[in-house]
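> Sequences are here, hints too, so could you generate the full structure?
Quick note, the sequences are listed as chains A and B, same order.
Those letters in the first sequence? Residues 1 to 225, by this note's numbering.
Those letters in the second sequence? Residues 1 to 225, by this note's numbering.
No lab work stands behind these hints, which were simulated from the structure alone.
Accuracy of the hints is not assured; some may be wrong.
No copy is singled out in the list; a pair is fine if it fits within one copy or between any two copies.
Stated by the list, open to error - Subject to a maximum C-alpha distance of 20 Å in a straight line, what follows is the list of computed DMTMM-like cross-link-like pairs (lysine to aspartate or glutamate):
| id | residue 1 | residue 2 |
| --- | --- | --- |
| 1 | K150 | E136 |
| 2 | K150 | D36 |
| 3 | K159 | E3 |
| 4 | K150 | D69 |
| 5 | K5 | D69 |
| 6 | K4 | E171 |
| 7 | K5 | E195 |
| 8 | K159 | E213 |
| 9 | K159 | E136 |
| 10 | K5 | E53 |
| 11 | K150 | D182 |
| 12 | K61 | D36 |
| 13 | K24 | E136 |
| 14 | K24 | D182 |
| 15 | K24 | E156 |
| 16 | K4 | E136 |
| 17 | K5 | D182 |
| 18 | K50 | D193 |
In case you want the letters, here they are:
Protein chains: 2
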Amino acid sequence: MNEKKAVILLSGGLDSITVLAYAKSQRYQCYTLSFDYGQRHNAELNAARKIAEHYQVEEHKVINLGLSDIGGSALTDENIAVPDTPQEGIPVTYVPARNTVFLAFALGWAEVLHASDIFIGVNAVDYSGYPDCRPEFINAFQNLANLATKAGVEGEQIKVHTPLILFSKAEIIQLGTRLGVDYQATVSCYAADAEGRACGHCDACRLRITGFEQAGITDPTIYQG
Amino acid sequence: MNEKKAVILLSGGLDSITVLAYAKSQRYQCYTLSFDYGQRHNAELNAARKIAEHYQVEEHKVINLGLSDIGGSALTDENIAVPDTPQEGIPVTYVPARNTVFLAFALGWAEVLHASDIFIGVNAVDYSGYPDCRPEFINAFQNLANLATKAGVEGEQIKVHTPLILFSKAEIIQLGTRLGVDYQATVSCYAADAEGRACGHCDACRLRITGFEQAGITDPTIYQG
Numbered sequence: 001m002n003e004k005k006a007v008i009l010l011s012g013g014l015d016s017i018t019v020l021a022y023a024k025s026q027r028y029q030c031y032t033l034s035f036d037y038g039q040r041h042n043a044e045l046n047a048a049r050k051i052a053e054h055y056q057v058e059e060h061k062v063i064n065l066g067l068s069d070i071g072g073s074a075l076t077d078e079n080i081a082v083p084d085t086p087q088e089g090i091p092v093t094y095v096p097a098r099n100t101v102f103l104a105f106a107l108g109w110a111e112v113l114h115a116s117d118i119f120i121g122v123n124a125v126d127y128s129g130y131p132d133c134r135p136e137f138i139n140a141f142q143n144l145a146n147l148a149t150k151a152g153v154e155g156e157q158i159k160v161h162t163p164l165i166l167f168s169k170a171e172i173i174q175l176g177t178r179l180g181v182d183y184q185a186t187v188s189c190y191a192a193d194a195e196g197r198a199c200g201h202c203d204a205c206r207l208r209i210t211g212f213e214q215a216g217i218t219d220p221t222i223y224q225g
Numbered sequence: 001m002n003e004k005k006a007v008i009l010l011s012g013g014l015d016s017i018t019v020l021a022y023a024k025s026q027r028y029q030c031y032t033l034s035f036d037y038g039q040r041h042n043a044e045l046n047a048a049r050k051i052a053e054h055y056q057v058e059e060h061k062v063i064n065l066g067l068s069d070i071g072g073s074a075l076t077d078e079n080i081a082v083p084d085t086p087q088e089g090i091p092v093t094y095v096p097a098r099n100t101v102f103l104a105f106a107l108g109w110a111e112v113l114h115a116s117d118i119f120i121g122v123n124a125v126d127y128s129g130y131p132d133c134r135p136e137f138i139n140a141f142q143n144l145a146n147l148a149t150k151a152g153v154e155g156e157q158i159k160v161h162t163p164l165i166l167f168s169k170a171e172i173i174q175l176g177t178r179l180g181v182d183y184q185a186t187v188s189c190y191a192a193d194a195e196g197r198a199c200g201h202c203d204a205c206r207l208r209i210t211g212f213e214q215a216g217i218t219d220p221t222i223y224q225g
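Now the structure itself:
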């Protein structure tokens, strides 16, 4: 067992399970972090819990966040509809500053655990126009992290790992499949029902369906209706 | 009235009321943001609400944050005692990644409001060893903010204002007094009672008491017992 502890952001989706499987394969001691932020697809949180259990992580935390109090996104604001056709530019499903908030909490927990490694499943290829999924953003956060913390001040380097950042969805699925990931356990859909069944139409479903097709791997997702 | 909107982090303490008064004097439309993060001194939040009302801000939001779930600080973890004598190095009252989390939420709200100005009352002089109160940290956050957001991507510059960053506590009190701030409305103490009365012994009280002495201004704080 690697002695190094890592904090892994685990949404319960396809990307983050792959990141967890990857960190496990690198023999990190994994501490997984999910957020209850009023997202419509709460099925994600149940998926994250089961995934954390399956991978026997050291600890799984779910943090309550008033992110929906801020509004501004179809994922957290009931007054903004989730579109079922692709949109131009930055989509309404973008949650303002979400990854900044998530990474800030990961950083805080890493500091408490004396961990200097954080893993996040951001992806710049299929990022659907989210500004906080780009390599420049991650580099800026890592720079911030080393200035923000005791560990940084005392000379330890915090590293934000983004193993999927340059992968297509198909390549992520191929990597995960090699690592033995069971994608049926994951929820990507923005409009999943209580059982975690996917709508098959939203941006997240489309990306996922195309990913399995291009990967040449049978899609294990359970769809509604 | 300035047409520019600004998000102001308002803790209910001496520094943040001064920042709010300063932003008001610069004719910003002020949106104030406080956090309920399981801090021991909940009297702060009541003070923040009253201050926001007094200054007739456009909107005051209190965000619930599971920051205490992470632990690691005497301010949020019941198992760590608040010391009543000064400590060497980074103190146990430091909350891991607190300002990173607070600024991330301010950034999200700014994005929703189409505001590009954020005010925070950090202070590098009397910062008691908190790494996330230094100018380097603020610069790194501003750099991050411009990469993290729609506004940044679309070319608008987010500015993080830190009007107090190079002021001593005495200078802050002198500035606030010129701006008409009523410091009796504020709570700085780490161990304030339910009515907001200060202990007079903790690090925060000591800094504040010395600040009023050095400013040559009568301390209006109400102390316990």
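> Run every hint past the structure and note whether it holds.
Each hint, compared with the structure:
1. K150 <-> E136: Answer is between: at 14 Å across copies they meet the 20 Å cutoff, but 24 Å inside does not.
2. K150 <-> D36: neither (27 Å within a copy, 23 Å between copies)
3. K159 <-> E3: within (16 Å within a copy, 41 Å between copies)
4. K150 <-> D69: between (30 Å within a copy, 19 Å between copies)
5. K5 <-> D69: Classified as between: cross-chain Cα gap 18 Å, same-chain 33 Å, threshold 20 Å.
6. K4 <-> E171: For K4 and E171, the Cα distance exceeds 20 Å both inside one copy (27 Å) and across copies (45 Å).
7. K5 <-> E195: Neither: 32 Å inside a copy, 42 Å across copies.
8. K159 <-> E213: neither (33 Å within a copy, 44 Å between copies)
9. K159 <-> E136: both (14 Å within a copy, 18 Å between copies)
10. K5 <-> E53: Within one copy only: 17 Å inside, 45 Å across.
11. K150 <-> D182: neither (38 Å within a copy, 34 Å between copies)
12. K61 <-> D36: The answer is both: 10 Å in one copy and 19 Å across copies each meet 20 Å.
13. K24 <-> E136: neither (26 Å within a copy, 34 Å between copies)
14. K24 <-> D182: within (15 Å within a copy, 55 Å between copies)
15. K24 <-> E156: Answer is neither; intra-copy 22 Å and inter-copy 40 Å both fail.
16. K4 <-> E136: Neither, since 26 Å and 28 Å both go past 20 Å.
17. K5 <-> D182: Intra 24 Å, inter 47 Å, cutoff 20 Å: neither.
18. K50 <-> D193: within (17 Å within a copy, 42 Å between copies)
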